[in-house]
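**Q** So you can see what is in the structure, the chains are spelled out below.
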Amino acid sequence: MECVIGVVGRDFAVVAADTSAVQSILVHKTDEDKIMLLDSHKLMGASGEPGDRVQFTEFIQKNLHLYQFRNNMPLSTAATANFTRGELATALRKNPYSVNIILAGFDKDAGASMYYIDYIATLHKIDKGAFGYGSYFCLSLMDKLYHPDMTVEEAVDLVDKCIKEIRLRLVVAPQNFAIKIVDKDGARDYARREIGGDSPAAATTAATVATTA
Amino acid sequence: MSIFEYNGSAVVAMVGKNCFAIASDRRLGVQLQTVATDFQRVFKIHGKLYIGLSGLASDAQTLYQRLVFKHKLYQLREERDMKPETFASLVSSMLYEKRFGPYFCQPIIAGLGQDDEPFICTMDCIGAKELAKDFVVSGTASESLYGACESMYKPNMEPEELFETISQALLSSVDRDCLSGWGGYVLIVTATEVQERVLKGRMD
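Residue numbers (this note's numbering), protein chains in the order written: chain G, 1 to 213; chain X, 1 to 204.
Think of the hints as simulated: they come from the structure by calculation, not from any bench.
Hints are supplied without guarantee of correctness; some may be wrong.
Claimed, not checked - Only some residues are given here: those of chain G computed to face chain X with a beta carbon under 10 Å: (1) Arg85; (2) Gly86; (3) Leu88; (4) Gly111; (5) Tyr116; (6) Asp118; (7) Thr122; (8) Lys125; (9) Ser135; (10) Tyr136; (11) Lys144; (12) Pro148.
Stated by the list, open to error - Over 10 Å on every C-beta distance to chain G, these chain X residues come out as not near it, computed from the model: (13) Asn7; (14) Lys17; (15) Leu28; (16) Ala36; (17) Leu56; (18) Gly101; (19) Glu130; (20) Ser144; (21) Glu164; (22) Gln168; (23) Val194; (24) Glu196.
As the list claims (entries may be wrong) - Which chain G residues face chain X? A few, computed with CB under 10 Å, are given here: (25) Met1; (26) Ile120; (27) Leu123; (28) Ile126.
Every residue, glycine too, gets a C-beta built ideally from N, C-alpha and C.
Same shape as in the complex, but just chain X:
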């Protein structure tokens, strides 16, 4: 079994009309055993920039702590927040630094850039960026997430519809994956507000 599947995870991000959504499951497992059902995989970098880290939970925590550290130094130096594109490059280069002993995480980065233009991107564990206009998925439920997103997504959704779509995509996907699920965590980010919602799913 792959080390990426050790804890189990599902992370997805979608773009809407001047907004984006990022969501993840809540399970923390050790292979088939569930340890907790309130685990956090989506993290805030600043008000309009979030990162979801699927894969090994330990490396997700380590990576998040290092990213927060780097972003804080950047804020002090530049007296501003990082643009999503810049942040994606930072994550990418940090991952590639560990090319031959990688962090076992597949990040999803979602943010609002200049003029509140949504930006989403994913990468593999050694930092190969993959930009997308519609949605990105990662984790053990990524196959089913692709299917669900592919059929449910439509462009230019308003925040409320986007929330409904990403939630339904996440919940239906994790039901077909043994290693992820146990509820969901959804963030809807617009230029003016951030909505945070915790979903109850099939709790088995």
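So that you can see chain G by itself, here it is in the shape it has in the complex:
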């Protein structure tokens, strides 16, 4: 089941999410990108109803672009978080989007920051957070191992520990994860954590390797 994880380090933020597109008991694909690059310095990791997730994150992304075109400056991370919350809050009592969001960004003045926004439009600034079934393991792991001003390596190591725990303990664990990072140089892909490729053949080989290893 869906997992989105986020950690803020010294001058960067890491967002990780599973890449499974699941419907009922079927896994449709294992390379679905759930972390959107909103603009050059913002990442939006989202989980929830797939249709809502795609529509809503694109809607936010496009509005951010529009703002940038109109004003010749990007929206700050805090402003984006508040805009996102506002949209979710107005939708909440009309036709709600079921999306939970971890929003991470880097601003020149404020540095790296991360926000928790759930589908009922609760907004909160956090240093570490997680959504979905994975959160049952990740939150406690991060409480234990997180410390402020982590380095990129330390933060990714923490995310890896979270992914490992999910794979070990979660019955419905997703196969693959994507890890993205945002810092002063912008938002980008950092790494993938995969067991098995997209083809059934690759998955079987990976499964055999995993059991023998």
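For this one, chain G is given, so just place chain X on it according to the hints.
**A** Chain X in isolation, oriented as in the chain G frame:
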């Protein structure tokens, strides 16, 4: 489970001698899972007027933003701050506007009025005001808060004693409630100064 108990909360206000105190817990949860322990439920409207919003965190934020907006318009129009009584009526009418699809919040309003007379009041989610001379409570820990306040409160306390009383009442109450706690936030407001204090409680 009620939607009022979804995030968990505890808010309390007390009246002292020419002063008042308003306090809240710091937990933000999603049912039994704790998401954060630095959540803010007490908000400033102006220097001598504060509102605490228990209940659904999302609606507390929405309501606070709308109230700030309305108060700013009032300040521009009237060139003065709102009296606590007026503000309570504003909150009440805003809540009742949504009678059949309410904000899932139970507000506590505390302020210093004319001649720095303290004013506290609470209301339900559809705006039925309940004024009190001593203390008001709300949130998932409201039952235990009633008990604690009832036994600890005495009239005409000085600010320092009031701080001690409201803090002890809050901390002992949230320990008996699973959904609130994780520290506290206390404001002591007198005519001349506002003291803001963050409490550490049982962090489990």
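**Q** Each of the hints needs a verdict: does it hold here or not?
**A** Now the hints, each set against the structure:
A least Cβ separation of about 7 Å between arginine 85(G) and chain X falls short of the 10 Å threshold, and the interface hint therefore holds. Hint status for glycine 86(G) relative to chain X: holds, with the closest Cβ pair at about 8 Å, below 10 Å. With its C-beta approaching chain X no nearer than about 8 Å, leucine 88(G) sits inside the 10 Å limit, and its interface hint holds. For glycine 111(G), the interface hint is violated, the least distance from its beta-carbon to any beta-carbon of chain X being 18 Å, above 10 Å.
Evaluation of the tyrosine 116(G) hint against chain X yields a held restraint, the C-beta minimum of about 6 Å falling below 10 Å. For aspartate 118(G), the interface hint holds, the least distance from its beta-carbon to any beta-carbon of chain X being 7 Å, beneath 10 Å. With a cut of 10 Å, the hint placing threonine 122(G) at the interface with chain X holds, because the nearest CB-to-CB distance is about 5 Å. Interface hint at lysine 125(G): satisfied, since its Cβ lies 8 Å from the closest Cβ of chain X, which is below the 10 Å cut-off.
For the restraint placing serine 135(G) at the interface with chain X, the shortest Cβ-Cβ distance is roughly 7 Å, inside the 10 Å limit, so the hint holds. Hint on tyrosine 136(G) holds. Least Cβ distance to chain X is approximately 8 Å, under the 10 Å limit. Interface restraint check for lysine 144(G): the shortest CB-CB distance to chain X comes to about 14 Å, outside 10 Å, so the restraint is violated. Interface hint at proline 148(G): violated, since its Cβ lies 13 Å from the closest Cβ of chain X, which is beyond the 10 Å cut-off.
Its closest Cβ contact with chain G, about 7 Å, brings asparagine 7(X) to no more than 10 Å, contrary to its assignment away from the interface. No Cβ of chain G approaches the Cβ of lysine 17(X) within 10 Å, the least distance being about 36 Å, so the stated non-interface status holds. With a cut of 10 Å on Cβ distances, leucine 28(X) falls inside the contact zone with chain G, its closest approach being about 6 Å. Residue placement check: alanine 36(X) does not keep its beta carbon more than 10 Å from all beta carbons of chain G (closest about 5 Å).
With a minimum CB-CB distance of about 7 Å to chain G, leucine 56(X) fails to clear the 10 Å threshold, and the non-interface call is violated. Once the 10 Å rule is applied to beta carbons, glycine 101(X) is inconsistent with being away from chain G; the minimum gap is 6 Å. Remark: the non-interface label on glutamate 130(X) is consistent with the geometry, its nearest Cβ contact in chain G lying 26 Å away (cut-off 10 Å). Every CB of chain G is more than 10 Å from the CB of serine 144(X) (nearest about 24 Å), matching its label as outside the interface.
In this structure glutamate 164(X) is separated from chain G by more than 10 Å, as the shortest Cβ-Cβ distance comes to about 30 Å. For glutamine 168(X), the condition that its CB be more than 10 Å from all CB atoms of chain G holds, with the nearest at approximately 28 Å. Annotated as non-interface, valine 194(X) keeps its C-beta farther than 10 Å from every C-beta of chain G; the closest such distance is 23 Å. Every beta carbon of chain G lies more than 10 Å from that of glutamate 196(X), the smallest distance being close to 18 Å; the non-interface claim holds.
Taking 10 Å as the C-beta cut-off, the interface hint given for methionine 1(G) is violated, the closest approach to chain X being about 15 Å. With a cut of 10 Å, the hint placing isoleucine 120(G) at the interface with chain X holds, because the nearest CB-to-CB distance is about 4 Å. With a cut of 10 Å, the hint placing leucine 123(G) at the interface with chain X holds, because the nearest CB-to-CB distance is about 6 Å. At a threshold of 10 Å, the smallest CB-CB gap from isoleucine 126(G) to chain X is about 6 Å, leaving the interface hint in force.
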